[in-house]
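Protein sequence lines correspond, in order, to chains A and B.
Under this note's numbering, the first residue of the first sequence is numbered 209, with each subsequent residue one higher.
Under this note's numbering, the first residue of the second sequence is numbered 472, with each subsequent residue one higher.
All the given hints hold, so there is nothing to weed out.
Only some residues are given here: those of chain B computed to face chain A with a beta carbon under 8 Å:
| # | residue |
| --- | --- |
| 1 | GLN537 |
| 2 | THR549 |
| 3 | ASN576 |
| 4 | ARG635 |
Cross-link-like lysine-lysine pairs, in silico, DSS-like; alpha carbons within 27 Å at most:
| # | chain 1 | residue 1 | chain 2 | residue 2 |
| --- | --- | --- | --- | --- |
| 5 | A | LYS388 | A | LYS364 |
| 6 | B | LYS644 | A | LYS214 |
| 7 | B | LYS674 | A | LYS388 |
| 8 | A | LYS214 | B | LYS612 |
FYI, nobody ran anything at the bench for these hints, they're computed from the structure.
We put the CB at the ideal spot given by N, CA and C, even for glycine.
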Amino acid sequence: MERMNKKAYYGEYGGQYVAESLMNVLDEIDKAFEEAIKDPEFIRQYNYYLKQYVGRETPLYFAERLSEKYGTKIYLKREDLNHTGAHKINNVMGQILLAKRMGKTKVIAETGAGQHGVATATGAALFGMECTVYMGEEDVKRQALNVMRMEMLGAKVESVRSGSNTLKDATNEAIRTWAKTAEDTFYIIGSAIGPYPYPKMVKEFQSIISREAKKQHMEAEGRLPDVVMACVGGGSNSIGMFADFIDEPSVELIGVEAAGKGIDTDEHAASMAKGRPGVLHGTRSYLLQDEDGNIQLAHSISAGLDYPGVGPEHAYLHDTGRAKYVPITDSEAMDALMELTRLEGIIPAIESAHAMAYAFKKAKEMTKDQSMIICLSGRGDKDVNTISDYLAGKGYLN
Amino acid sequence: MSDNRIELQMKKLQDEGKKAFITYITAGLPDYAATKAIIKAQEGITDVIELGIPFSDPTADGPVIQQASYEAILNGATLKKTFELMDELRSEGSTQPIVFMMYYNTIVNFGLNEFAGRCKSAGVDGLIVPDLPFEEQDALKDALSATDNATILIQLVSPISADRIPQILADAKGFVYCVSAMGVTGQGGTYHKDVTDYLKSVKSVSKIPVMMGFGIRTAADVEPMKDCIDGAIVGTHFINLLREAGFDSKAAAEYAGTFKKEMNSI
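Modelling step: build the complete structure from the supplied sequences, incorporating the hints.
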């Protein structure tokens, strides 16, 4: 079938499944975004804040001890060293500059682990904008430290109590508020999800990760990496890590989903492994859903991967075979987290530890002359409570 | 001439010079027996009934309908069972015009062609799909036209639809659903600041009746815009009222009767 709304699609995924009252809003954002990324002054500002405020470029660190132990070259793209502790700020800087350019005075955001919320609150403080962050009640408990950071930054944190009380429900509430207030409010979406042009914007503003990494790897090795890997919840760090490598067929792309307690249990967040195509939060993609089409609860020890869907471009990369998506369980991720901490002195976010866990598996098929880049999307400071509960055998919330 | 029940009823009202009254209920709240009784009690009074198919993530709805959907799902309400309810109503002779108000994922999950076929066989007269804007409707329209358009896809317009209105209304059927405010259902009578101008602009280009919904409780709420609408839709307030009355079908009929009488005398 020929779709009327073709540009909003990645194959059969994507689109603009929103209320009629948001269609003109999306159209305005789309026009402003396309203009902005062609405007040298906008790009100059974006690059200025990434360098001077966020602290880019981030290192591509050659992990010596891991490489030695696993018998292949392991490079870590250190997004954990960004201001606010994760890759989320890259996209926030882009979208908030766009919001300013469009004359909006207020921003809203959804957050799971709190990293996108903190990044948005940070950008709002920097540019003097009013900020409200929607966060599931369960995540508010799991990520108390990030809630405090957002409040210190002057943001209002709305604890959302509906459904599973996690990222999915926070996103529902952010969409409802946006539909009410779009005339003066910009919705900063942090994942590679949402109605078009959001998946495209998030990719654009996160693609700095792969542009830098590609150049850095060329400098270090004189060639492209063999494998590029990142964790996938909604898919923002992974789409940024893949972006500049998608058209390099020699580079294998691997996305790592959260398998929670295992993909054969009911407690996981592996929407590619176990989901079916459907429509949620404005986009058509793989979704965890029951036989009636109601969205199922996702489970992961990592709040940032605890989402029942995935960005539409990932669904497309999955179906076309350009990228491979694999599941990693909570316990595999936690083992990898400890391994990275002990061998390299880097405490990663639990989200990023999922990618590390698969990297160790993948390394077994690789030779010592090959190399892989893993996106270390965030640091683990926010997770110390979860980690300590896990290590004490107390399980975790959710 | 169409034999769609919505179009027949709209034609009748037009001939009589009367405005239409539409209510919304969530299917299976608190159970299907109650839903059936509430529908039957409104036969001959309410012009169209919107039957909400509960969905886990109702992003176009405010807290009251969210809660109603959540409870209905917990009580076992599904699309399949709602089709069965429709089968029963039609086999018992109900000619009540009924539209399903539902989210697109529920349709995708059922399968578009299967869904359109089942709508026809169950006598569903129309569909309101709040997360399926005009640009995304092609696939569903194809499926519906394969059943000879037995079921109408109702178009929604918003206070900021502006230049989109002519395109949306070009092939619209049944009635056009004008959302009175930005945002979600149930905001208690606070309409968009430019609501009257907006309704006038819709009315001026619409070839079919114009209904207003979102935040309406009494006929007095629509008095200021009575000249630019052909009827009113009450959802959230109707759910609240049913709850207070313990889902008594008599309360539904009384409220609908009063609203309709008052609306047609203002």
